[in-house]
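The residues making up each chain are set out below.
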Amino acid sequence: MKIFIVEDELSLQNSMERYLTSERNICVCASTYAEAYEKLSIYEYDCVLLDLNLPDGEGLQLLKHLKKLNKGAGIIITSARNALDQKIEGLSLGADDYLTKPFHLSELNARILALVRRKNMSGAMQVTFNELMIDIDSKEVFVHGKIIYFTRKEFELLLYFIVNKGKAISKAAAAERIWGDDADMADSFDFIYTHIKNIRKKLMDAGSNDYFHSVYGVGYRFAAT
Amino acid sequence: MKLFTKYNIILSFVGIFGLLVIGFLFYNTLTHYLDKQIDHDMVEEIIEVKEAAAKNVFYKPHEFEDLIVNYKPIDNLNQPLTTLYGDTSFYNPLKYQLERGRYLKTQLILFGKPYMVTVVASKFEREEQIKQICLIIFLPMLLLFGILLLINRVMMGKLWRPFEKIVQNITKFNLRQDHAFEPVNTPIREFKTLNDAIVLLSNKVNIDYREIKLFTENASHEMMTPLAVINAKLDMILQSNVLDNDYGEILADLYKATSRLTKLNQSLLLLVKIDNNTINEQEQVDVKELVVEKINYFQELIHKRSLVLITNLSESTIFSNRQLMDVLINNLFSNVIRHNYEGGTIEILLNQSTIIFKNTGTKVALNAEKIFDRFYKDKASEGTGLGLSILKQICVKQDFNLNYQYENDLHIFTVSF
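Sequence lines, in order, name chains A and B. Each residue of the first sequence is one higher than the last, beginning at 1 in this note's numbering. Each residue of the second sequence is one higher than the last, beginning at 1 in this note's numbering.
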């Protein structure tokens, strides 16, 4: 997948690029309005990550330009401003999603994948990992073709890990995925542990392998080995 | 004491004292003057006596003159030959009663013999006159004085009205609720000056307050990008396989601190937004649905701390802002869970016009004055210290009534819509 990153904070841009590249994407970056404008006009991308505050222009103008070009790329706005009206303006101008800074890279990746899935309606609404199969539409999980029941939060968490498979995900990122802004609740990190334990148990009871690996006690990695 | 009550008291004291002094002086002068007149009349009587003696008769006064003349033969004329005047009481044979009067004593040679002649004139009529004069003068004066006091009272009340209005408007002046100071229109220069000074002051305060809010907003926004960098870098560090487990704890702490800082920033921004009325779309909000949603949302937290949840929810739909209502219920929930102990209870009561959250917790009542202050929290709390002040601010903006009580070991938060 070809992803265009518009971000003026270079160290952030760099991390986003590295993370997404390791997910086997091709990343192109721009840090100014002019550079972004030029690259957007010339090349085609599957997904554009757009920062709204650029040193030499408004990100929303880029968005309008992009829509005029009608290239069909998915657009995710990444902004430090969490204002509802800006969100609405961005989305009504044709952005597909709005991610407020600060965000976790795993969250960004999950949003990109969800966006691409939505864009290509023909695309698979099912994610498969060895003996595991997840139907995103009906929110069902199958192991060896046998259905397993998960709570909504467990399902969300499992899906989050699978789309970020092979990557270490911190408990903070996982907690934020499930509880959003309230993830600061004193012991929310401990819940991730409980949830993961439950998911693991349900999967293994159904005859699946254990794919969750603890990473330094900080987070988990979902991987075959 | 009111300024003009004090003023009236002083005025009354001075007025009454002045009236007494003036009355005393006036009365004395008048009496003195009238005595002189009587004395003068009596001297004329003596002349009459002498004239009558020239005709060889004792002079007898006329009845209407209201005086008596006494002749008393004496042996010799006593030197010196003085005429004495004085006050006396005497029996008035014309009226058959004792009266006060003036007397004149002089020695005269009548028909070749020395006599002591005494003229006594009644002062009765003159005194009556003085009384009349005093009454005629003092009664209207007293009346005037009374009227003055009354007018003072009414006028002062009226004149000070702009001042009272100004004080009233200052009391209503509230930065957080956007109650600007309403200027008071008055032609009185002193009050005008006061009014203008307060308008100037309140404008300055308003501008400063707005600047502080703007500063808070900008500062919080500016911090979001560095926070995003920290988050991203932490995520990258987590991907590397070179760390050993000792660093896990450090990483976890960094994640926690970053997450707290982010939450703090978001809370500050939310407060500023509520303050600025930027969240104001109103719609029908089903409060019961919202509460049920939140119960589901917080169930793991409730379950993990073995909290007993008791609910009594009636249907309740109110016209309000959905986002703010969400934050309101959310903060109430976070509060009762966070400040509870293992195995404690949470009670939620909802009816059409009120929602009540009760929780067990510390065994002492919290300081109801302070718990809604920004950054007021107990040391053990890991929260931002902004949850309750956000709650309070939402209630202020939405015209809800927020109340805290401590009863039967339960902390009770009541919000009346």
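The set of hints was computed from the structure by calculation and includes no laboratory data. C-beta: ideal position from N, C-alpha, C; glycine also. Treat the hints with caution; some may be incorrect.
Said to hold, decoys possible - As a list, the in silico DSS-like pairs of lysine-lysine whose alpha-carbon atoms are at most 25 angstroms apart:
{"#": "1", "chain 1": "B", "residue 1": "K213", "chain 2": "B", "residue 2": "K55"}
{"#": "2", "chain 1": "B", "residue 1": "K131", "chain 2": "B", "residue 2": "K172"}
{"#": "3", "chain 1": "A", "residue 1": "K87", "chain 2": "A", "residue 2": "K165"}
{"#": "4", "chain 1": "A", "residue 1": "K153", "chain 2": "B", "residue 2": "K377"}
{"#": "5", "chain 1": "A", "residue 1": "K202", "chain 2": "B", "residue 2": "K304"}
{"#": "6", "chain 1": "B", "residue 1": "K213", "chain 2": "A", "residue 2": "K153"}
{"#": "7", "chain 1": "B", "residue 1": "K256", "chain 2": "B", "residue 2": "K304"}
{"#": "8", "chain 1": "A", "residue 1": "K153", "chain 2": "B", "residue 2": "K294"}
What the hints assert, rightly or not - Away from chain B, derived, C-beta distances all over 10 angstroms, residues of chain A:
{"#": "9", "residue": "E9"}
{"#": "10", "residue": "D85"}
{"#": "11", "residue": "L105"}
{"#": "12", "residue": "E176"}
As the list claims (entries may be wrong) - Label pairs and their in silico Cβ distance ranges:
{"#": "13", "chain 1": "A", "residue 1": "L84", "chain 2": "B", "residue 2": "L349", "range": "27 to 35 angstroms"}
{"#": "14", "chain 1": "B", "residue 1": "L200", "chain 2": "A", "residue 2": "S92", "range": "53 to 61 angstroms"}
{"#": "15", "chain 1": "B", "residue 1": "N245", "chain 2": "A", "residue 2": "Y149", "range": "30 to 38 angstroms"}
{"#": "16", "chain 1": "A", "residue 1": "K2", "chain 2": "B", "residue 2": "F319", "range": "42 to 50 angstroms"}
{"#": "17", "chain 1": "B", "residue 1": "G385", "chain 2": "A", "residue 2": "I88", "range": "15 to 23 angstroms"}
{"#": "18", "chain 1": "B", "residue 1": "L175", "chain 2": "A", "residue 2": "N120", "range": "27 to 35 angstroms"}
{"#": "19", "chain 1": "A", "residue 1": "L84", "chain 2": "B", "residue 2": "N245", "range": "49 to 57 angstroms"}
{"#": "20", "chain 1": "B", "residue 1": "A368", "chain 2": "A", "residue 2": "L84", "range": "26 to 34 angstroms"}
Hint check results:
1. This hinted pair does not check out: K213/B and K55/B have alpha carbons roughly 118 angstroms apart, beyond 25 angstroms.
2. Taking the CA atoms of K131/B and K172/B, the gap is near 59 angstroms; set against the 25 angstroms cutoff, the hint is violated.
3. The suggested pairing of K87/A with K165/A is violated, with an alpha-carbon distance near 29 angstroms, which exceeds 25 angstroms.
4. About 31 angstroms separates the Cα atoms of K153/A and K377/B, which puts this hinted pair outside 25 angstroms; it is violated.
5. Our distance criterion of 25 angstroms between C-alpha atoms is met by K202/A and K304/B, whose separation comes to about 20 angstroms.
6. Proximity of K213/B to K153/A is assessed by CA-CA distance (about 37 angstroms); at most 25 angstroms being required, the pair is judged violated.
7. A hinted pair counts as satisfied when its Cα atoms are at most 25 angstroms apart, and K256/B with K304/B qualifies at roughly 20 angstroms.
8. For the hint linking K153/A to K294/B, the alpha-carbon distance of about 14 angstroms falls within 25 angstroms, and the restraint holds.
9. Interface exclusion of E9/A from chain B breaks down, the closest Cβ pair being 5 angstroms apart, not more than 10 angstroms.
10. With a cut of 10 angstroms on Cβ distances, D85/A falls inside the contact zone with chain B, its closest approach being about 8 angstroms.
11. Its closest Cβ contact with chain B, about 4 angstroms, brings L105/A to no more than 10 angstroms, contrary to its assignment away from the interface.
12. Residue-level check failed: E176/A sits 7 angstroms from the nearest beta carbon of chain B, not beyond 10 angstroms.
13. Distance hint for L84/A and L349/B: a CB-CB separation of about 31 angstroms, consistent with the stated range 27 to 35 angstroms.
14. Distance hint check: the CB atoms of L200/B and S92/A are about 43 angstroms apart, inconsistent with the given range 53 to 61 angstroms.
15. Hint check: N245/B to Y149/A, Cβ distance near 34 angstroms, so the stated range 30 to 38 angstroms holds.
16. Checked against the hint of 42 to 50 angstroms, the pair K2/A and F319/B passes, with Cβ atoms roughly 48 angstroms apart.
17. At roughly 31 angstroms, the beta-carbon separation of G385/B and I88/A lies outside the given 15 to 23 angstroms, and the hint is violated.
18. A beta carbon spacing of about 53 angstroms between L175/B and N120/A contradicts the range 27 to 35 angstroms that was offered as a hint.
19. Roughly 42 angstroms separates the CB atoms of L84/A and N245/B, a value that falls outside the hinted 49 to 57 angstroms.
20. For A368/B paired with L84/A, a C-beta distance near 32 angstroms keeps the hint of 26 to 34 angstroms intact.
In the structure shown, a violation is registered for the earlier hints numbered 1, 2, 3, 4, 6, 9, 10, 11, 12, 14, 17, 18 and 19, in ascending order.
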